[in-house]
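Asks: Given next are the chains, with one letter for each unit.
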Amino acid sequence: MRPAWVFADRAASEASGETVLNQNESTRVEAPHPRALGCENMRGAAVTARLASYVTRLTRGGGTGTGTGAGAGASVGTGTARAGHITHIDRRAFSTTMGGAPYVPPHRRGSTNAASASNASNASAVKTDKKILHLVRHGRTEMNEYLAANRWDGKSLFYFHTGN
Amino acid sequence: MCTASDFVDPLFYDTRLTKKGAEQAASLAPVTRFLDPAPEVLIASPLHRAMTTADLAFGSCQGIKKETCALMRERVFHASDVGRHPDAIEADFPDWCVKALREEHAEKDGVWWYAGDEDGGDNLGAAVSVSGVVQEPVEEVSLFLSLYGQVD
Chain U
248 MRPAWVFADR
258 AASEASGETV
268 LNQNESTRVE
278 APHPRALGCE
288 NMRGAAVTAR
298 LASYVTRLTR
308 GGGTGTGTGA
318 GAGASVGTGT
328 ARAGHITHID
338 RRAFSTTMGG
348 APYVPPHRRG
358 STNAASASNA
368 SNASAVKTDK
378 KILHLVRHGR
388 TEMNEYLAAN
398 RWDGKSLFYF
408 HTGN
Chain V
10 MCTASDFVDP
20 LFYDTRLTKK
30 GAEQAASLAP
40 VTRFLDPAPE
50 VLIASPLHRA
60 MTTADLAFGS
70 CQGIKKETCA
80 LMRERVFHAS
90 DVGRHPDAIE
100 ADFPDWCVKA
110 LREEHAEKDG
120 VWWYAGDEDG
130 GDNLGAAVSV
140 SGVVQEPVEE
150 VSLFLSLYGQ
160 VD
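Chains as they are written, first to last, in the numbering used here: chain U, 248 to 411; chain V, 10 to 161.
Accuracy of the hints is not assured; some may be wrong.
Unchecked claim - Cross-link-like lysine-lysine pairs, in silico, DSBU-like; alpha carbons within 35 angstroms at most:
{"hint": "1", "chain 1": "V", "residue 1": "K108", "chain 2": "V", "residue 2": "K28"}
{"hint": "2", "chain 1": "V", "residue 1": "K117", "chain 2": "U", "residue 2": "K378"}
{"hint": "3", "chain 1": "U", "residue 1": "K378", "chain 2": "V", "residue 2": "K75"}
{"hint": "4", "chain 1": "U", "residue 1": "K378", "chain 2": "V", "residue 2": "K74"}
{"hint": "5", "chain 1": "U", "residue 1": "K377", "chain 2": "V", "residue 2": "K74"}
{"hint": "6", "chain 1": "V", "residue 1": "K108", "chain 2": "U", "residue 2": "K377"}
{"hint": "7", "chain 1": "V", "residue 1": "K75", "chain 2": "U", "residue 2": "K377"}
If you are wondering where the hints come from, they were derived from the structure by calculation, not from laboratory data.
What you are looking at is a predicted structure, and each value in this text was computed from that prediction instead of being measured.
Next up, chain U with everything else stripped away, as it sits in the complex (with noise of 0.2 angstroms):
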């Protein structure tokens, strides 16, 4: 379980610093043996119950919640929160930049018709009760310019491609 989108995002626009708007899949909801959240051990146990206290936390707005580990489980607010994937990442969208294809979210996809796809507030709604994840990188730094004026090709330490 390796979000390849987070090394893929620095690696495809440090240079660049162009602002890209994800297309992620949306959230799958499921319930993976515990193995497969890293939880195989008690590290992985005490982070998973980290992070569910965490999620905790930032959500007790709705109601109060407890935290619990081993990815089995927490509940938050009213409702419940449990480990799952963040699956299906689309490593196309890292070619969407400004004046690429308009943005479409993921649960408004499937029509070959650009006319529908092209605009995603007229889009058709299909209902969906899953979590949609937008993901935004952010935009030109002056840390971005700098390095596009001086690259690091230090590949004794990280492998570091442009893209230009």
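Since the structure of chain U is already known, use the hints to place chain V on it.
Replies: Positioned in the frame of chain U, the structure of chain V alone reads:
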């Protein structure tokens, strides 16, 4: 072309968006305004560039919660990836919630970015995080988003 040995870090601590970067972020606003369902929460790295981008890109979304989370931070390559204390972040971004960030890193006096080894690391320096260190947050952020995304 520079190599790792002759690359000079310009020490742009917590680097800022350029004018072009701000324009890029703002250009997303017409898209995010019509997202359906409307966003419930913004979660951004505590780095200035990330929070500023989020503000500009989602500026037209009313009533949205804004949370900053250190799990979203970037790997520390240069000084530009070194963050600031939650108090400083709160001063610049008063409508963002930094409470969880502050509580999560209270034991390290609010230092939420990678700042060297646990034993005697230089909390003010831009220590380059090693792969074994960065891997854990990457996996944790996936789990965090899974948990957050499934809150009913």
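Asks: All hints, please: hold or fail.
Replies: Hint by hint, here is what the structure shows:
1. V:K108 <-> V:K28: holds (30 angstroms)
2. V:K117 <-> U:K378: holds (33 angstroms)
3. U:K378 <-> V:K75: With a Cα-Cα distance of about 17 angstroms, the restraint between K378 of chain U and K75 of chain V holds, given a limit of 35 angstroms.
4. U:K378 <-> V:K74: At roughly 15 angstroms apart (the allowed maximum being 35 angstroms), K74 of chain V and K378 of chain U satisfy the hint.
5. U:K377 <-> V:K74: Distance ~19 angstroms between K377 of chain U and K74 of chain V Cα, so the pair holds.
6. V:K108 <-> U:K377: Satisfied, since the Cα-Cα distance of roughly 27 angstroms is no more than 35 angstroms.
7. V:K75 <-> U:K377: holds (20 angstroms)
Violated hints are absent here; each numbered hint is respected by the structure.
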